[in-house]
Amino acid sequence: VGLADKINTVVRALSGGMKRKLSLGIALIGNSKVIILDEPTSGMDPYSMRLTWQLIKKIKKGRIILLTTHSMDEADELGDRIAIMGNGSLKCCGSSLFLKHQYGVGYTLTLVKSAPTASVAADIVYRHVPSATCVSEVGTEISFKLPLASSSAFESMFREIESCISRSVSNSETSIVEDKNYLGIESYGISVTTLEEVFLRVAGCDFDEAESVKQGKDFVSSDSMPSHEQMPSRISSAKLLGSCKMFIGVISSIVTRICGLFVAIFLSFIQFLGIQCCSCCMISRSMFWQHCRALIIKRAASSRRDRKTIVFQLLIPVIFLFFGLLLLKLKPHPNQSSVTFTTSNFNPLLSGSGGGGPIPFDLSWPIAKEVTAYIEGGWIQKFKQTSYRFPDPQKALSDAVEAAGPDLGPVLLSMSEYLMSSFNESYQSRYGAVVMDDQYEDGSLGYTVLHNCSCQHAGPTYINVMNSAILRIATHDNNMTIQTRNHPLPMTKSQHLERHDLDAFSAAIIVSIAFSFIPASFAVPIVKEREVKAKQQQLISGVSVISYWVSTYIWDFISFLFPSTFALILFYGFGLDQFIGRSLLATVIMFLEYGLAIASSTYCLTFFFSDHTMAQNVVLLIHFFTGLILMVISFIMGLIETTASANTFLKNFFRLSPGFCFADGLASLALLRQGMKDKSSDGIYDWNVTGASLCYLGVEGLLYFLLTLGIELLPSCKLSPVTLTKWWSRKSFQGDASVSEPLLKSPFEAAVHLDEDIDVKTERHRVLSGSVDNTILFLRNLRKVYPGGKHYREKVAVDSLTFSVQAGECFGFLGTNGAGKTTTLSMLTGEESPTEGTAFIFGKDISLNPKAARHHVVMEKLVEFDLLKHANKPSYTLSGGNKRKLSVAIAMIGDPPIVILDEPSTGMDPIAKRFMWEVISRLSTRQGKTAVILTTHSMNEAQALCTRIGIMVGGRLRCIGSPQHLKTRFGNHLELEVKPTEVSSVDLENLCRIIQERLFDIPSHPRSLLDDLEVCIGGVDAVRSENASVAEISLSKKMIIIIGRWLGNEERIKSLISSRPISDGLFGEKLSEQLVRDGGIPLPVFSEWWLAREKFSAIDSFVVSSFPGATFHGCNGLSVKYQLPYREGLSLADVFGHLERNRNQLGIAEYSISQSTLETIFNHFAANS
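Take any residue in the sequence shown, note its place counting from 1, add 4, and you have its number in the working numbering.
Honestly, the hints are just simulated from the structure, not real lab data. For each residue, glycine too, the CB sits at the ideal point set by N, CA and C. All clues given are correct.
Label pairs and their in silico Cβ distance ranges: (1) Ser-1109 <-> Asn-778: 51 to 59 angstroms; (2) Ala-400 <-> Ile-633: 49 to 57 angstroms; (3) Ala-377 <-> Ala-400: 31 to 39 angstroms; (4) Val-38 <-> Asn-1053: 38 to 46 angstroms; (5) Gly-577 <-> Thr-647: 34 to 42 angstroms; (6) Cys-457 <-> Lys-386: 20 to 28 angstroms; (7) Leu-565 <-> Leu-26: 44 to 52 angstroms; (8) Asp-615 <-> Ser-883: 24 to 32 angstroms; (9) Lys-873 <-> Met-89: 18 to 26 angstroms; (10) Leu-26 <-> Lys-1041: 37 to 45 angstroms; (11) Ile-573 <-> Ser-93: 53 to 61 angstroms; (12) Thr-647 <-> Gly-585: 28 to 36 angstroms; (13) Ala-811 <-> Ser-154: 37 to 45 angstroms; (14) Ala-377 <-> Thr-496: 46 to 54 angstroms.
Model the full structure from these sequences, guided by the hints.
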């Protein structure tokens, strides 16, 4: 796809046309059999477009390609069948030839006038052909439809037109026209009906469909007409689908209205304030406040349409804060429910009986055996004497005696030794053991419980087990039990306050997290406007930088008030008196200052992003980490004695983040009563409570906003010491910025342009010498170099560009993809800064004042651009063509004296394109008010609109001048395209019979299955019994050579059977492939090819003999193209008359003759670059 030199270039650095090429290449990967191409050459220059056409034709074999396009030349070149739609329905379908025959009305005469108001062209045409009709008049181009019956009058009409052209050229050469009322003709061309004219007639409903039906005409060729049986089901399906869409549309409309109610109320409030402001005399006279009001209304309308931003900015913080505070309220409190002591939680998996476990028991006394019969919650493990002894047994015994007495101590020691020696006897864990005393004289019982300290409640649990067993013995009731519960003591008042303050501290953390979403919503519209160049458009249209940022600041602060208000309401609802009690004023001030500071600090961050999605995520994370995380780190460091001093020092830097000040201030208010903040007192406005946060937030709100304005107003967004030094040096040594200011050129610049075109040199000398009267814009050695990287060299995008544009002039800025057109326009509009050289707009140097183009540059515009019916629609719902029209309408608001249009008609259909041309022409060349710089890849658009054209290739200006000047200087020839008539069935049958008679004794070549299929579905409509043998004859390579010798043209046969590509179009290529594949060609197919070649040969001989020096320029199998050089006495009238007189004799079906086009000249420069 011609991108080999861009293999190491990232995709985003490619131009629009190059991205189209890359998309086409991606679509062809994998040898797909069905390919859908949606305007594949939109945005490509003509040279790249034709290379792409060749590629598509090359890969077309064996594939189904569905192609949409607004280029009728592309449809004519690539489309085997063409369908035209209008208002959602199919208007016509068929081959290009079928459509031209169906809707063609004769010849199209196109004249280029010397001025848009010239009338001499129409006078000449109507005088010679009274039945001519004017089909379009755009700019200096006017087109007429000439009926076929009046062709006899064409030659005399052309003679008069050419005499008018010669007078116009002589006047332009003298440079002084005495008769200012004389307005002549610059050039003209004649052609038969083109596919674009068919589109204009069909899609524009410029035909009587009923009349055509009455005459029996078909709007759809027979191969594409649906059957009658399919029509009712399709109609019913369409109605059902339409009903579903209508129902879904109604539901969506209701939901949309409900969701937009809140924003609509807010918008009405803003409009009310705007009306009140406009009633004030002081403000109404101030353009600054008018801009601010308009920009605020714009933001309100954008927010109403962008539901996601509203959700992100308003709903998510409020919902997050609400649920966070709700969870704080519902979380378990220290006064929780009691815990019941039971052994069922011990060994729940291993016991298999709901818990419990072994209970080692000393059964030395009889009473112990009685008690164990009533124990529940475990099973008895009998105590046994063991040989295990603790280390230092004497000391262990003395300790036991000291702790439990001389009687119980040794027994407890023995039980402990048993527990140590028997812990592997079972898999179940043991949490308690019992040693009983003998029953006392009064009948009471005594026992000792040994418990496992790994279980916090093991001791009281086993005491309760023993007491329950003793109760059952005493009552002789096995159902009796004792239930024991553990319950904490109720909290004191101080503990309640401490708990409440900790909840408030948690609430401060939740608020910090919730409000981290808000600055992300501030960044999205700013980055998105810069991303889609909407901000640049506003600034160019006259909006000042200060009014843009002030209005943004006001809108974001107002929108911040809503979540802040909800937060205060939630504080009140959840009883967080730390924030709404005596500290309410401090809390309110902190919220307001935080809104101002966080908005302005976010503005500074937006300059680092070019993608709004990335900006949203990164800004969210930045404010989350610099706010909450830093606050938590500082809080922990303040609690640790060794890091407290370091924390005091670091907080001076942490407070540069508005998020930290906000979180730290709220946390300080929450913990004020606990004294947990470093060096704080009971004063709410103390420096270490809220004083520092309030002071820092107030200063940061103003400081960051001024920093934003400073970054915006600096010469370049790429801030570096080098650019600042360069800007300062320019500022220091800047003298008078007048038009005649000399330019110091480097030796490199002087040497690099030695091979410049003479017109480009003349323009350069005129600009540099100061001869630029009535000039609105001029460039002087403007140069832009992008630095190289590791894998690629530096790129010279614009190389010493010098030209001027005057008032009322439409300057066509043409060039190949990547030639530097868009880079040049970006420097003129202030998006890019020039590496060297400069440009002046209204006498202001763009290198010192990059916003020079932003000075000077709605209902009447909607009417003017035919957009009134879309007035109430969001712009994103418009089609691509209507978006282009809207963009041009916005650029034209206020009738600015200079307008820059970068490919304004890309993606438009021919009807909308011509409408756009008419509007642009009326505003520029006809009214003489506006200077227009137009870049386009449509040579017809440049021809129709531009008074001067410059073609740029490889960053340099290759030629400059009026369209007619470029045609005369670089296109000194006529272009002729001839299409012969189709081969008649009579001639085809005669040739087949002659060849069959010659080959009667030669056996036919054995046919393959493909041959049989080709006979069945091939080109013969009705094979009768008497000529059935003709279709069955397959000619081998040897037979074809013999036939060529019989017919007297062996050279033609050699071109068919040779392996090299032949030049007679797609039909010949298919025959060669079939001959190689099957070893033979059916006789009727060969005969048709031979007769077609005879017609082309006759036309070629006629053209070469009639017009010496004519050169062959290609054949597509249907038509052949020639270039006819100008010579003494040869004119378009002579060529037309000669062809018209010999048309029937040569069998010419269609032909077109025109002067060399701008596209030919453009392709010449592009091919030689």
